[in-house]
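J.: Chain by chain, the residues run as shown.
Protein chains: 2
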Amino acid sequence: MKNQLVKFIKKRRKVLGLTQMELADRAGVGLRFIRDIEQGKETLRLDKINQVLELFGHIMAPVPQSKETDDES
Amino acid sequence: MKNQLVKFIKKRRKVLGLTQMELADRAGVGLRFIRDIEQGKETLRLDKINQVLELFGHIMAPVPQSKETDDES
DNA sequence: CATAATTATACCTCTTAGGGTATAAACATA
DNA sequence: TATGTTTATACCCTAAGAGGTATAATTATG
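Residue numbers (our numbering), protein chains in the order written: chain A, 1109 to 1181; chain B, 1109 to 1181.
Be a bit skeptical, because a hint or two may be false.
Remember, identical chains collapse to one label, so a pair may be satisfied in a single copy or spanning two.
With a cut-off of at most 30 Å between alpha-carbon atoms, the simulated DSBU-like pairs for lysine-lysine come out as follows [said to hold, decoys possible]: (1) 1156 - 1118; (2) 1115 - 1156; (3) 1149 - 1118.
Because the hints were derived from the structure by calculation, they are not lab data. Since the model is a prediction, treat every value here as computed from it, not as a measurement.
Input sequences plus hints: build the corresponding full structure.
T.: Structural data, given as structure tokens:
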């Protein structure tokens, strides 16, 4: 599966009913960064991504390419 | 667990008996980048990391913070 | 429909990641 | 010990990521 990050962020944000701006504020990143994530930009910085994922109790880690998202945790 | 990436890269590289330089060449990244990864630098670019992980059939994806590495796949 | 809220796109600036190179340190092995 | 190999640290330069802002497009909502 490709771009699990995009799907994950979008889904989680919707679940919490947050706007991109609210998410950006809570994560302490710029609004533009949230947009870049959700647009599938691949040249993002890892620390910034993790900064956002932390809100959802997640972190970026190496997983087998084939494996489907096992989280929903 | 923190920095699964560092552990993963170091372990995989050792298993294949590659030097940092060899890994850099095969992944198509600079030697400095491999070193930055293994030194735990957190401000790395996601696309570059994935470029390296691809050699091992892996990719960066969001996982629960608490979950231990389940790969070894 | 009109209006407001949310998201997307574009431009500018500043900071820094990534690559290269050189040197030093650590780690082997004889 | 000395020698060669691998890894770490430090420097410079270029390209681009991240943030801000403004504007357009999209999506609700009445």
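J.: A separate judgement is required for each hint: does it hold in the structure or not?
T.: Against the structure, the hints:
no.: 1; hint: 1156 - 1118; verdict: both (16 Å within a copy, 23 Å between copies)
no.: 2; hint: 1115 - 1156; verdict: both (17 Å within a copy, 21 Å between copies)
no.: 3; hint: 1149 - 1118; verdict: both (14 Å within a copy, 27 Å between copies)
Comparing the model with each earlier hint shows no violations; every hint is respected.
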